[in-house]
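The listed protein sequences derive, respectively, from chains X and V. Note that the first sequence covers residues 1 to 275 in the working numbering. Note that the second sequence covers residues 1 to 430 in the working numbering.
Calculated directly from the structure, the hints in this document are not laboratory data. We put the CB at the ideal spot given by N, CA and C, even for glycine. Hints may be right or wrong, so weigh each one.
Lysine to any residue pairs mimicking SDA-like chemistry, simulated, CA-CA at most 25 angstroms apart [said to hold, decoys possible]:
| hint | chain 1 | residue 1 | chain 2 | residue 2 |
| --- | --- | --- | --- | --- |
| 1 | V | Lys70 | X | Lys34 |
| 2 | V | Lys70 | X | Ala151 |
| 3 | V | Lys342 | X | Asn59 |
Covered by chain V, per the in silico footprint, the following chain X stretches (three or more residues, Cβ under 8 angstroms) [said to hold, decoys possible]:
| hint | region |
| --- | --- |
| 4 | 5-18 |
| 5 | 37-45 |
| 6 | 96-105 |
| 7 | 146-160 |
| 8 | 193-200 |
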Amino acid sequence: MNKLKLFSTYFILSIATLVSLFPFLWMLISMTNKSVDVSNGRLLPGTHLIENLKSLFENYNVGSALYNSFFIAIVATILCLIVSSLAGYGFEIYRSKGKDIVFNILLLSLMIPFAALMVPLFRFFGGVSQTIPFLGINTLFAVILPYVTTAFFVFLFRQNTKMFTRELIEAGRIDGLSELGIFIHIYMPSMKNTFAAAGIISFMNNWNNFLWPLVILQSPDVQTIPLLISNLGSGYSPDFGIIYTAIVIGTIPTALVFFFLQKYFVEGMSGSVKG
Amino acid sequence: MKKWFLLFSTVLLIMALSACSSESGSNSGAEGNSNTDSITAWAWDPLFNVAALELAEKQYTQENKDFNLKIIENAQSDIVQKLNTGLSSGTMNGMPNIVLIEDYRAQSFLKSYPNAFYDMSDYINEEDFADYKIPPTSLGGKQYGVPFDTGVTGLYVRTDYLEEAGYTPEDLTNITWEEFIEIGKDITKKTGKKMISLNPNEPDHLRFMVQTAGEWFTGEDGTTANIGDNEAVKNAMRVYKEMLEEDIAHINTDWSSRIASFNSGEVVTVATGNWMTPSIKAEESQSGKWKVVPVPKLSVEGAKNASNLGGSSFYVLNIPGKEKAAEFLADTFGNDVELYQKLVSEIGAIGTYLPALEGEAFNQKDEFFGGQKVTTDFVNWMREIPRVNYGMHTYAAMDILTGELQNYRTGKKLEEVLNDAQKQAEAQLN
Numbered sequence: 001m002n003k004l005k006l007f008s009t010y011f012i013l014s015i016a017t018l019v020s021l022f023p024f025l026w027m028l029i030s031m032t033n034k035s036v037d038v039s040n041g042r043l044l045p046g047t048h049l050i051e052n053l054k055s056l057f058e059n060y061n062v063g064s065a066l067y068n069s070f071f072i073a074i075v076a077t078i079l080c081l082i083v084s085s086l087a088g089y090g091f092e093i094y095r096s097k098g099k100d101i102v103f104n105i106l107l108l109s110l111m112i113p114f115a116a117l118m119v120p121l122f123r124f125f126g127g128v129s130q131t132i133p134f135l136g137i138n139t140l141f142a143v144i145l146p147y148v149t150t151a152f153f154v155f156l157f158r159q160n161t162k163m164f165t166r167e168l169i170e171a172g173r174i175d176g177l178s179e180l181g182i183f184i185h186i187y188m189p190s191m192k193n194t195f196a197a198a199g200i201i202s203f204m205n206n207w208n209n210f211l212w213p214l215v216i217l218q219s220p221d222v223q224t225i226p227l228l229i230s231n232l233g234s235g236y237s238p239d240f241g242i243i244y245t246a247i248v249i250g251t252i253p254t255a256l257v258f259f260f261l262q263k264y265f266v267e268g269m270s271g272s273v274k275g
Numbered sequence: 001m002k003k004w005f006l007l008f009s010t011v012l013l014i015m016a017l018s019a020c021s022s023e024s025g026s027n028s029g030a031e032g033n034s035n036t037d038s039i040t041a042w043a044w045d046p047l048f049n050v051a052a053l054e055l056a057e058k059q060y061t062q063e064n065k066d067f068n069l070k071i072i073e074n075a076q077s078d079i080v081q082k083l084n085t086g087l088s089s090g091t092m093n094g095m096p097n098i099v100l101i102e103d104y105r106a107q108s109f110l111k112s113y114p115n116a117f118y119d120m121s122d123y124i125n126e127e128d129f130a131d132y133k134i135p136p137t138s139l140g141g142k143q144y145g146v147p148f149d150t151g152v153t154g155l156y157v158r159t160d161y162l163e164e165a166g167y168t169p170e171d172l173t174n175i176t177w178e179e180f181i182e183i184g185k186d187i188t189k190k191t192g193k194k195m196i197s198l199n200p201n202e203p204d205h206l207r208f209m210v211q212t213a214g215e216w217f218t219g220e221d222g223t224t225a226n227i228g229d230n231e232a233v234k235n236a237m238r239v240y241k242e243m244l245e246e247d248i249a250h251i252n253t254d255w256s257s258r259i260a261s262f263n264s265g266e267v268v269t270v271a272t273g274n275w276m277t278p279s280i281k282a283e284e285s286q287s288g289k290w291k292v293v294p295v296p297k298l299s300v301e302g303a304k305n306a307s308n309l310g311g312s313s314f315y316v317l318n319i320p321g322k323e324k325a326a327e328f329l330a331d332t333f334g335n336d337v338e339l340y341q342k343l344v345s346e347i348g349a350i351g352t353y354l355p356a357l358e359g360e361a362f363n364q365k366d367e368f369f370g371g372q373k374v375t376t377d378f379v380n381w382m383r384e385i386p387r388v389n390y391g392m393h394t395y396a397a398m399d400i401l402t403g404e405l406q407n408y409r410t411g412k413k414l415e416e417v418l419n420d421a422q423k424q425a426e427a428q429l430n
């Protein structure tokens, strides 16, 4: 009975694995095939990989797109971690009369879809362009700024801070640490799982972000990887081999980030804190 | 931890600094709209529209040496998104000087953003262009768009399959969709190949079927729904369903599987716009096995064996640099006969500028199509395309009809289908 149960568990799990891995397999196989073979649904690896890579790198500025994507994802993630961890910490640790009302209003902003914010934001950055051009339309900072912090990350940090032992703060104060010192030397090391989880989510969101970079970035030299991939499919006769090659290149960084921080991610999301 | 924090801050600082320096470098180019020396254009498809603009620039700069065109390539849906956001925010900041817009969408842009586009009436002569291109590209008697490529449709046929079933391409020339279905049933029976590939979730065939009858989903004003009592729509829906029911249709689910349907030799015919030619020719092993005949028509009075699917036109935005951009378009796509020869011979784009649609480039025999003068034929059919106003809501109407097509297939009566579609359209479109 037990064996049967085990067998059926693994059987179902294998099918689920196959189903979820197939798109990746398809992606990897397709990057080695010619466009015609891809559209004909060829499931065997081909010999066209070098040609695909060559024509992708020769015809499109993949290097600059990778740089832009990395720049946006890394800077936005770092800023996001700093701002939202401080905010989450402050909301939970410090006493203030109106803090719960402010926090609830902040949470309400989660309900506004980005599509509704897009036009006002564009207008705002149009105004910024007039006075501070390096923060305005068509710059990487205009992509980053709206994502520096969102209510979600503040919420994530506040929830996890609930499990942070307050006695440590008292101890720190007695030992003469400044408030910022307590945050840096006591809070940050003990919350590294939360930082890792928030970091992964923020990195992935920013790496994969499409709509906002699409409208705010205009010229090819500030293009990000998702925009580049979208452009590859812009023709009446798209070259699917090249498209899949670009998709693989665009997937690798998020996959790597996730694999390396996976352990922390699971712990951070479940909110455990090691004492 | 302190070390980490320091490291983080340093990385951040370095990246910020490097970005600032590279930003100031790229900014000079990015401000194409305020800096009137350089004209920016947005277009999709590097091998087609972008290539056409590059050719035009090459021709134009021979005489205007200081002219500088910056072409930015974006997917069509992305251009629509960017234009809508930019124009509705009211700041023209970051908008291009020239933009390519598909004819089906043009009216909604022209009407929604009244002062955003520059009147081209003084720069080009609208009578020089194919008649059917004018209603989508003009508004209130003013010509805004410079008509570019034609989406003239044809029926690509596999001659070897036809022969196997005892038919010739002539049997499929100038027929109605009913005749097409009859022949299709016979060919499918004899060869085992499906006659046509359809995607019921994206029934774009309906669009050019309806246009063969000179009708559209909206009325002359471009906004009133015209589905319920529209014989052409009724006919097209019936034909579409019949093709699915008679089992002569191969079902595709997306663009790549549609292309696969003919690249892999599963279907006998492809009914679509002439821009499909490169995708058909991509399968070199099928060279000599294809021909193109006029697209079938609806059996509605006045219907012609000519229609259009897609096609787009250039527009100039009402921002600094507009005169320069307008002169460029007028001198190239609005005037340059030689350019149109190159467009055909170098990128296979068939324009709609009538004075330039003959000459050597248009008379080339294409060995892939068994020596047929494909371009000549397409141009001749283009002159026949019935003129319709695509109005404001082509894609909204198509969404409604797509939904109702599913109801129709599962047994709902055609009259009810059309009446319900009409009601939905009246509620949604205004």
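So, against the hints stated earlier in the document, which numbers end up violated here? Result: hints 1, 2, 4, 6, 7, 8 break, sorted rising.
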